[in-house]
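Throw the hints in and build the complete structure from the sequences for me.
Spelled out, the chains give:
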Amino acid sequence: MQVFFSQEGSALIARVKGEVDLSTADRLRQELESSLEHARAHILCLDLEGVSFMDSSGLGVILGRYRRISQTGGKVVICRPQPQIRRLLDLAGLSKIMDIVEEEPQEYLRKAGKE
Amino acid sequence: MPKGNGEVLNTVRLEFLSLPENVGLARVAVAALAAQADITLSELEEIKVAVSEAVANAIIHGYGGEPRGWVRVTVNRLQDGLEIIVEDDGKGIPDIAQAMQPAYSTDPERMGLGFAFMQSFMDELEVTSEEGRGTRVVMRKKLNPSVTTA
Ligand SMILES: Nc1ncnc2c1ncn2[C@@H]1O[C@H](COP(=O)(O)OP(=O)(O)OP(=O)(O)O)[C@@H](O)[C@H]1O
Ligand SMILES: [Mg+2]
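Heads up: the sequence lines are chains C and V, in that order.
Position one of the first sequence corresponds to residue 127 (this note's numbering), numbered consecutively onward.
Position one of the second sequence corresponds to residue 78 (this note's numbering), numbered consecutively onward.
To be clear, the hints were calculated from the coordinates, so they are not data collected in a lab.
In this text, a Cβ means the ideal position worked out from N, Cα and C, and glycines have one as well.
Careful, some of the hints might be misleading.
[Stated by the list, open to error] What follows is a set of in silico ranges between Cβ atoms, one per label pair, in the way DEER data are often shown:
# : chain 1 : residue 1 : chain 2 : residue 2 : range
1 : C       : E241      : V       : G83       : 53 to 63 Å
2 : C       : R166      : V       : G83       : 24 to 34 Å
3 : V       : Q156      : C       : F130      : 43 to 53 Å
4 : C       : D152      : V       : I173      : 26 to 36 Å
This is the structure:
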């Protein structure tokens with residue numbers, strides 16, 4: 127699992143690649159936490175296009191970041207999850223509380239900025 | 078011997094220490110055996126999630142994250158499906174019915190979805206456990222009957 131970060135205004139974009147399970151979830155949590163702290167971002171865009179596998183350990187990390195960021199009025203957007211991961215997000219109820227979009231992060235932010 | 082219907086076509090048994098990196102190993106091994114059957118990609122994904130959940134539970138909850146426990150995974154490829162057994166000799170589950178409820182977790186950082194995923198992605202799920210002795214999870218999934226070519 128690898129995470130690549132970039133910042134776009136008040137949004138932090140995290141591109142995740144590989145498999146997110148018990149062996150990688152802690153590292154994902156730590157990397158997201160320290161980058162969020164550093165970037166003081168209001169929006170976290172999680173680009174999951176490159177994630178080939180995820181289980182409940184990964185969903186727990188996403189929910190944890192959502193809880194934290196929404197305390198300060200921010201939000202989490204999930205971009206381009208693979209169909210099997212989209213299904214897990216739905217089953218877990220995360221698609222009810224977060225935006226899940228098919229655009230890549232920059233495109234999403236561009237559109238959101240225009241509204 | 079497996080309880081599912083149909084003749085056993087193949088069996089794979091894995092035993093490993095309760096280390097997080099072994100979750101992926103178990104998942105790949107089970108998927109490789111499952112792929113010997115006539116199986117769709119989405120069925121394969123479902124099996125991978127179910128195995129990850131059961132093995133992760135054995136490691137985190139059964140052994141409390143300690144890397145010194147043994148986890149055993151047995152996969153039986155049956156004529157009409159797949160049977161996966163995940164066992165640990167860890168602390169056990171005091172109340173199985175409660176543990177299996179969606180969103181129930183003894184860890185505030187977790188979502189309590191593992192059993193719910195095993196339940197939705199497999200056709201049968203049986204959990205037996207004894208406090209202080211360990212837990213055994215048996216999951217079965219029906220697959221297209223294998224055509225035996227003689
Ligand atoms: N092998 C096991 N040994 C001991 N306790 C277990 C075992 N498997 C599950 N449990 C107990 O059952 C509870 C529910 O398990 P489940 O997998 O549904 O949720 P979780 O592991 O807590 O969260 P998630 O799977 O979403 O990360 C656990 O919190 C734990 O208390
Ligand atoms: Mg679990």
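message: I'd like to know which numbered hints this structure contradicts. Please list them from smallest to largest.
response: Of the numbered hints, just 2 does not hold.
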